[in-house]
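My request is simple: use the sequences and hints to build the entire structure.
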Amino acid sequence: MESESRLESSRYLLTSDNYSTWIVSIEAKLEDIGARELVTGLIKIDEKTTPDELDKYTVLNKKGYLKIIQNLDATNLALVSTTLPEEDRFKGRALWKLLKNKYAGSDLVARSTALDHFLDLEYTDVGSFCSAIRLANQRLVLANVLKDDQVKIMIMLRKLPREQYQSFRDIIAMGFASETFESAVKRLESYAISNNIKKGSFASSSDQATMMTKATTSKSTACSHCGKTGHRPHNCWTKYPEKAAKTESAHLTLVDGYNQLQGVTNWCTLPDGTRMNADDISYDCLRGM
Numbered sequence: 001m002e003s004e005s006r007l008e009s010s011r012y013l014l015t016s017d018n019y020s021t022w023i024v025s026i027e028a029k030l031e032d033i034g035a036r037e038l039v040t041g042l043i044k045i046d047e048k049t050t051p052d053e054l055d056k057y058t059v060l061n062k063k064g065y066l067k068i069i070q071n072l073d074a075t076n077l078a079l080v081s082t083t084l085p086e087e088d089r090f091k092g093r094a095l096w097k098l099l100k101n102k103y104a105g106s107d108l109v110a111r112s113t114a115l116d117h118f119l120d121l122e123y124t125d126v127g128s129f130c131s132a133i134r135l136a137n138q139r140l141v142l143a144n145v146l147k148d149d150q151v152k153i154m155i156m157l158r159k160l161p162r163e164q165y166q167s168f169r170d171i172i173a174m175g176f177a178s179e180t181f182e183s184a185v186k187r188l189e190s191y192a193i194s195n196n197i198k199k200g201s202f203a204s205s206s207d208q209a210t211m212m213t214k215a216t217t218s219k220s221t222a223c224s225h226c227g228k229t230g231h232r233p234h235n236c237w238t239k240y241p242e243k244a245a246k247t248e249s250a251h252l253t254l255v256d257g258y259n260q261l262q263g264v265t266n267w268c269t270l271p272d273g274t275r276m277n278a279d280d281i282s283y284d285c286l287r288g289m
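First residue of the sequence shown? That's 1 in my numbering, and the numbers climb one at a time after it.
It is worth saying that the hints were derived from the structure and are not from the lab.
Because the structure is a prediction, the values reported are computed rather than measured.
We put the CB at the ideal spot given by N, CA and C, even for glycine.
Don't take every hint at face value.
In silico lysine-lysine, DSS-like type, Cα no more than 27 Å apart, as pairs [as the list claims (entries may be wrong)]: (1) Lys56 x Lys100; (2) Lys239 x Lys228; (3) Lys102 x Lys48; (4) Lys67 x Lys152; (5) Lys239 x Lys198; (6) Lys102 x Lys91; (7) Lys228 x Lys186; (8) Lys97 x Lys159; (9) Lys97 x Lys29.
Label-pair restraints from in silico Cβ distances [what the hints assert, rightly or not]: (10) Met174 x Val109: 35 to 41 Å; (11) Asp125 x Tyr240: 47 to 53 Å; (12) Glu189 x Arg11: 28 to 34 Å.
Okay, structure coming up:
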């Protein structure tokens, strides 16, 4: 009784994204009750099957059904209740086919779904990425699509951030392109550990572009000498007081930053080198030049 309780508490339920690993667990449980070969279709039932064998298979079929039902989550229980025909209730082989067609079918929809899941993966951190891409690869294998490991490795490499994994990409491309997909994933995990690549240690290209834009804008809008806007560092009067204009308002004495402090930029230099305020330029003055 105690062993049965421990077994029930360790059930591995089928969800919408763990079929490839769940199937290993459920096949072992079906084998334990002697129903695996019948439920998975390895045993063929035809006109040569004896009545005694049919009675035996009926019992095993029911046991297999119950075992599978006990290892489904709520979503898959709802799927069974709405999809499995009434005449197939308590038939383990029919239930097995239903779930297999749902998650590992060879039809176009199932293959497209498996391929889309693999192609749509995005890198966030190495641990999550490796787990997700392993699961996506298992779905490809079950759906019998994209069998070429080299193609899958190339797709995986393109998903890795270039600034962190360029060396790894070169290593795989030059010396290990003929490895299996699983071997490449293991090398990725080892590379991340040896290079101390952790979650959140990289910024996306858009984030980097934003930071560079902010830095450039900040530098271009304020003078690096005085921190004020309206002029460039090379003609800052605080840094180069000799470039400041001399005005009558200061009795021909230098007023540091007079024009910059007021935000006025109406000073100009005439062809002969004379600096004048634009407000003091008259038509007659220009005509006489």
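Practice task
Run the structure past the numbered hints and jot down the numbers of the failing ones, going up.
Solution key: Violated: hints 3, 4, 5, 7 and 8.
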